[in-house]
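Peer 1: Each chain, written out:
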Amino acid sequence: MNDDDTLLVGAVAYTANVVPIWEGIKEYFADSDTPMDFVLYSNYERQVEELLAGHIDLAWNTNVAWVRTLRRTNGTARAVAMRDTDLTFRTLFIGRQGTGRLSLSDFGGRRIALGSRDSGQARILPVHFLTEAGIGADDAEWVIFDSDVGKHGDTGTSDLDALRAVLADDADVAAVGVNTWQAMTAGGEDLVADLEVVWESEDYNHCNFTALEGLDEDRVERWVQHLLAMDWENPEHRHILELEGLREWKRPELEGYRSLHEAMESQGIADGW
Amino acid sequence: MSALILRLVEQVGATPAGSVTEVALDGPDDLASVARWCEATGNEVLTVLPDAVEIHRGRIADPLASLPPERRPGHRLWVYTNFHCNLACDYCCVESSPTAAPRVLSTAELSRLLEAAVASGVEELYITGGEPFMLIDMDERLRLATSLLPTTVLTNAMLFRGERLRRLEALPRDNLTLQISLDSATPGLHDRHRGSGSFERALDGIRCALDLGFRVRVAATLGEDAGDTETELERLFSDLGLDDDQRVVRRVARQGAANSGLTVSRTSLVPEVCVTAEGVWWHPVAAIDPAMKVADHWAPFDEVLDSVREEYRRHRIRGDVLASTFPCA
Numbered sequence: 059m060n061d062d063d064t065l066l067v068g069a070v071a072y073t074a075n076v077v078p079i080w081e082g083i084k085e086y087f088a089d090s091d092t093p094m095d096f097v098l099y100s101n102y103e104r105q106v107e108e109l110l111a112g113h114i115d116l117a118w119n120t121n122v123a124w125v126r127t128l129r130r131t132n133g134t135a136r137a138v139a140m141r142d143t144d145l146t147f148r149t150l151f152i153g154r155q156g157t158g159r160l161s162l163s164d165f166g167g168r169r170i171a172l173g174s175r176d177s178g179q180a181r182i183l184p185v186h187f188l189t190e191a192g193i194g195a196d197d198a199e200w201v202i203f204d205s206d207v208g209k210h211g212d213t214g215t216s217d218l219d220a221l222r223a224v225l226a227d228d229a230d231v232a233a234v235g236v237n238t239w240q241a242m243t244a245g246g247e248d249l250v251a252d253l254e255v256v257w258e259s260e261d262y263n264h265c266n267f268t269a270l271e272g273l274d275e276d277r278v279e280r281w282v283q284h285l286l287a288m289d290w291e292n293p294e295h296r297h298i299l300e301l302e303g304l305r306e307w308k309r310p311e312l313e314g315y316r317s318l319h320e321a322m323e324s325q326g327i328a329d330g331w
Numbered sequence: 079m080s081a082l083i084l085r086l087v088e089q090v091g092a093t094p095a096g097s098v099t100e101v102a103l104d105g106p107d108d109l110a111s112v113a114r115w116c117e118a119t120g121n122e123v124l125t126v127l128p129d130a131v132e133i134h135r136g137r138i139a140d141p142l143a144s145l146p147p148e149r150r151p152g153h154r155l156w157v158y159t160n161f162h163c164n165l166a167c168d169y170c171c172v173e174s175s176p177t178a179a180p181r182v183l184s185t186a187e188l189s190r191l192l193e194a195a196v197a198s199g200v201e202e203l204y205i206t207g208g209e210p211f212m213l214i215d216m217d218e219r220l221r222l223a224t225s226l227l228p229t230t231v232l233t234n235a236m237l238f239r240g241e242r243l244r245r246l247e248a249l250p251r252d253n254l255t256l257q258i259s260l261d262s263a264t265p266g267l268h269d270r271h272r273g274s275g276s277f278e279r280a281l282d283g284i285r286c287a288l289d290l291g292f293r294v295r296v297a298a299t300l301g302e303d304a305g306d307t308e309t310e311l312e313r314l315f316s317d318l319g320l321d322d323d324q325r326v327v328r329r330v331a332r333q334g335a336a337n338s339g340l341t342v343s344r345t346s347l348v349p350e351v352c353v354t355a356e357g358v359w360w361h362p363v364a365a366i367d368p369a370m371k372v373a374d375h376w377a378p379f380d381e382v383l384d385s386v387r388e389e390y391r392r393h394r395i396r397g398d399v400l401a402s403t404f405p406c407a
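Sequence order for the protein chains is Y and B.
Each residue of the first sequence is one higher than the one before, starting from 59 at the first, in this note's numbering.
Each residue of the second sequence is one higher than the one before, starting from 79 at the first, in this note's numbering.
Check the hints yourself; a few may be wrong.
Claimed, not checked - Reference listing, derived: stretches of chain B covered by chain Y, where coverage requires no fewer than 3 residues with Cβ under 8 Å from a Cβ of chain Y:
1) 83-90
2) 101-115
3) 280-286
Rather than coming from a laboratory, the hints here were simulated on the basis of the structure.
For every residue, glycine included, the Cβ atom is placed at its ideal position computed from N, Cα and C.
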């Protein structure tokens with residue numbers, strides 16, 4: 059823990075653009091009564107260990123890193139804030155144009171491209187949704203793309219690899235995070251006219267700021283209140299919000315993590331490395 | 079098409095904000111798709127290459143916005159009314175002389191140009207040559223110009239005699255500045271470059287213009303042999319009662335008759351659109367340099383102006399990108 063009043067926030071450097079994001083947030087907090095600094099890690103496993111060791115006060119965690127932290131702390135860790143977009147995250151299955159809308163039970167016998175083993179949206183949850191629908195590894199061919207392991211799918215690389223497999227007819231459908239599909243269709247769905255959404259999940263939660271039990275609640279609350287005050291209409295704030303992919307910060311709603319808890323439990327995904 | 083979008087998402091997403099990435103195109107139709115995608119995602123197409131595009135990660139701040147308003151292309155218009163001159167200065171950037179082809183811009187043409195310029199937002203006019211007052215009817219042009227815009231006419235002030243003097247005296251004083259060339263505080267340096275006896279006549283011309291109540295600005299062009307001339311000139315300017323904004327000291331540019339001096343180019347100069355009888359130029363200091371020619375004719379003026387602004391933007395953005403991506407060590 060820090061000796062001074064500066065809250066130390068951990069984040070994972072999954073792209074060079076993480077630096078301006080956190081420099082911007084740090085600058086935003088510089089004038090507050092809860093100044094912050096940040097530390098960048100190369101992967102979420104390292105970040106979770108550092109949070110548990112008390113080397114950082116808050117961790118900007120993926121959903122997978124959040125579940126691991128919660129398990130390692132016997133449920134005492136707490137989420138303190140998240141993006142609006144973290145409350146409405148979804149997994150999509152994308153197929154070639156003409157595939158049509160499918161139910162998960164239709165996936166039997168198909169070649170299903172899946173992303174990195176530590177990606178909640180492109181691997182862990184898709185497998186969970188399929189398994190719940192009765193489609194196990196023996197019922198379909200899983201085409202695996204373990205790209206950028208350690209980044210929990212943040213780079214989107216495995217999503218894109220899976221989509222390329224569909225375009226190359228090496229797979230029938232690909233599991234991707236909704237953010238990847240939104241990035242692809244930002245200029246219009248006709249730009250990806252040879253692909254289509256064939257199935258999409260219910261909303262679930264993605265990232266959050268995670269704190270350990272011992273962190274002063276009043277201090278965190280003041281920090282969160284200042285975070286929530288970031289304003290989309292303020293050009294300086296907006297630049298940061300756009301880079302980080304949100305319109306406003308929100309108080310956490312933890313119900314949306316339930317499916318991932320179940321998925322990681324049933325798939326026997328380890329709590330750490 | 080989807081393969082292209084996948085490349086865009088992957089490459090642009092991995093590119094640091096403010097940097098540039100080159101994305102391969104599968105065909106000419108891809109360009110419109112790339113432009114749409116970039117517009118929607120807050121990125122910008124920087125350069126279109128034969129089989130690829132260079133994309134700037136994030137929005138590019140308009141380089142024009144960083145210029146003071148009076149330096150933005152389109153604020154100031156330069157016009158060469160003619161190229162012949164009573165002098166043959168050895169550093170003249172457009173090789174003017176008594177034997178130079180006059181290449182006169184008629185009063186009628188100037189009138190059409192100024193009408194278009196005012197409509198395009200030009201707020202300040204500079205008339206130069208050659209020696210503008212070689213044209214006996216220069217007063218008509220200045221009367222026209224000053225009725226539309228604050229106008230400065232660049233002159234060596236050596237022809238203010240006889241009919242020309244009478245016409246000068248009759249000109250309105252409002253909206254008109256005479257910018258008179260004087261390269262040193264004593265005859266030596268000035269006459270060396272501009273001709274024997276020219277210093278005394280220029281000084282007489284400055285005094286004449288001041289006595290007639292014209293607003294006068296004195297401009298010196300200094301080369302490598304200037305020595306302490308600038309300091310001496312400042313004293314003379316003060317003796318003449320000139321304020322700071324009535325004094326201009328600039329360096330010789332390596333253009334026209336000048337064999338040495340500052341090297342200028344479209345990438346090194348903030349454009350100041352300049353019209354001559356032969357076309358439109360990036361800057362008045364290079365109005366006979368083919369590399370600095372912008373268009374063969376000034377009309378339609380707003381389109382010419384837009385093309386200059388756009389080229390300046392490209393130069394600046396390209397320069398900024400190179401500066402940020404080309405470290406040698």
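Peer 1: Indicate, hint by hint, whether the structure satisfies it.
Peer 2: Evaluation of the provided hints:
For the stretch 83-90 of chain B, the stated coverage by chain Y is satisfied: 4 residues place a CB nearer than 8 Å to a CB of that chain, which reaches the threshold of 3. Counting residues of the stretch 101-115 of chain B whose CB falls under 8 Å from any CB of chain Y gives 3; the rule of at least 3 is met. With 0 residues having a beta carbon nearer than 8 Å to a beta carbon of chain Y, the stretch 280-286 of chain B misses the requirement of three or more and the stated coverage is violated.
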